[in-house]
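Chemist: Chains as they are written, first to last, in the numbering used here: chain U, 1 to 115; chain X, 1 to 247.
Because the hints were derived from the structure by calculation, they are not lab data. Think of the CB as a built atom: it goes at the ideal place given N, C-alpha and C, for glycine as much as any other residue. Worth double-checking, as some hints may not be accurate.
As the list claims (entries may be wrong) - Computed beta-carbon distance windows for the label pairs:
#1 X/Leu17 x U/Leu42: 42 to 48 angstroms
#2 U/Thr4 x X/Gly164: 43 to 49 angstroms
#3 U/Leu115 x X/Leu220: 38 to 44 angstroms
#4 X/Gln148 x U/Thr2: 19 to 25 angstroms
#5 U/Leu115 x X/Leu98: 22 to 28 angstroms
#6 X/Leu230 x U/Thr2: 37 to 43 angstroms
#7 X/Val201 x U/Pro39: 16 to 22 angstroms
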Amino acid sequence: MTTTYGPLSVWGVIVAGGVATFAIRLSFVHLFGRVDDVPPWLERALVYVPAAVLAALVAPSFAPASATVSAALAPDYLPELCGGLAAVLAAWYTEDVLWTVAAGMAALHLARFLL
Amino acid sequence: MDSRLPPDLREGVRDTLPLLLGIVPFALVAGVAGVEAGLTPLQTVGFSVVVFAGASQLAAIELLGDDAALVTVVLTVVVINLRMLMYSASIAPYFRHLSTRVRAGCAYVLTDQAYALALARYAGDDDGDIRRPLYYLGVAWTLWVVWQAGTVVGVVFGAAVPDGWRLGFAVPLVFLALVVPAVADGATLVAAVVGGGVAVVGAGLDYNAGLILGGVVGVLAGVAAERAGLAGGDGDADDGDAAEGHP
Chain U
1 MTTTYGPLSV
11 WGVIVAGGVA
21 TFAIRLSFVH
31 LFGRVDDVPP
41 WLERALVYVP
51 AAVLAALVAP
61 SFAPASATVS
71 AALAPDYLPE
81 LCGGLAAVLA
91 AWYTEDVLWT
101 VAAGMAALHL
111 ARFLL
Chain X
1 MDSRLPPDLR
11 EGVRDTLPLL
21 LGIVPFALVA
31 GVAGVEAGLT
41 PLQTVGFSVV
51 VFAGASQLAA
61 IELLGDDAAL
71 VTVVLTVVVI
81 NLRMLMYSAS
91 IAPYFRHLST
101 RVRAGCAYVL
111 TDQAYALALA
121 RYAGDDDGDI
131 RRPLYYLGVA
141 WTLWVVWQAG
151 TVVGVVFGAA
161 VPDGWRLGFA
171 VPLVFLALVV
181 PAVADGATLV
191 AAVVGGGVAV
201 VGAGLDYNAG
211 LILGGVVGVL
221 AGVAAERAGL
231 AGGDGDADDG
241 DAAEGHP
């Protein structure tokens with residue numbers, strides 16, 4: 001899918017995202033001596049951000065538009081599912097980006113070829 | 001390597017080399033994904049230079065490709081990168097004697113890997129009071145250079161490859177490569193399952209709100225699961241070991 005946003009919108013996202021990210025990185029490095037620690041409640045919550053947000057990002061890519069078992073097992077959807085499963089297994093065993101992507105792409109194309 | 005470089009800097013560069021095996025494919029995907037989402041090459045490289053944070057870049061690019069609300073896109077970048085608050089707080093004491101400008105230069109290139117490597121070195125080093133952050137800069141700027149080069153190659157490659165190769169599928173695969181190691185114990189598993197589940201159920205919501213909702217509810221579920229005793233033995237918030245593996 002390609003974006004229909006114009007250059008101004010895209011650059012707006014890049015700049016806003018970049019400035020916010022820089023502010024996060026600089027926060028305590030800059031404030032050291034005035035504010036030394038992340039509040040404990042926030043630190044506790046931040047531990048769960050990667051798992052929760054990354055899962056929320058990826059799950060819809062592997063869930064069919066109509067959430068029924070027959071839709072999930074439709075032939076035109078199976079290759080993606082195979083690729084995803086192969087990637088999860090590779091990530092589990094190797095914890096390596098390269099192997100995970102390679103396994104997922106290989107399974108996707110193998111399934112497309114065979115099914 | 002040029003032996004006239006300061007030893008700390010050289011060691012930083014050297015220690016980074018093994019990590020590049022994981023960084024290079026990730027950077028390539030960031031470049032490919034931008035092209036696939038209809039961004040210009042300059043915009044795609046702009047993401048890598050201005051934001052310089054892989055998972056958040058990929059998320060933003062994917063959401064732009066879906067024409068998600070711009071507020072959602074920026075908010076997602078912020079949420080994904082919030083973990084760097086922990087890194088910033090934890091590494092700040094080692095940068096305290098530096099000028100404001102050098103501190104800003106250090107902060108700009110703060111990533112999961114640079115943080116992890118630098119802290120491992122500084123922690124075992126008791127006389128590190130006035131140590132210049134050359135080791136950290138060696139790690140961080142090596143990653144920066146490789147990240148930019150990888151993005152450029154990905155942009156060129158992505159534009160040249162036929163659609164039938166389905167290179168865009170590499171984006172969710174990279175997210176899988178990141179989320180699986182992030183699940184370290186029962187509580188992080190609950191966070192991931194709840195976050196993913198809520199996002200799927202809310203996939204049809206306006207502004208892609210399902211994603212934000214999934215992230216927030218997932219985090220709350222993780223905290224609740226931790227209270228219920230599902231966190232692993234070493235899960236109690238040392239120096240942010242939850243998100244290794246991506247800049």
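Chemist: Starting from the hint list further up, note which numbers the structure goes against and sort them upward.
Modeler: Hint check: 1, 2, 5, 7 fail, others pass.
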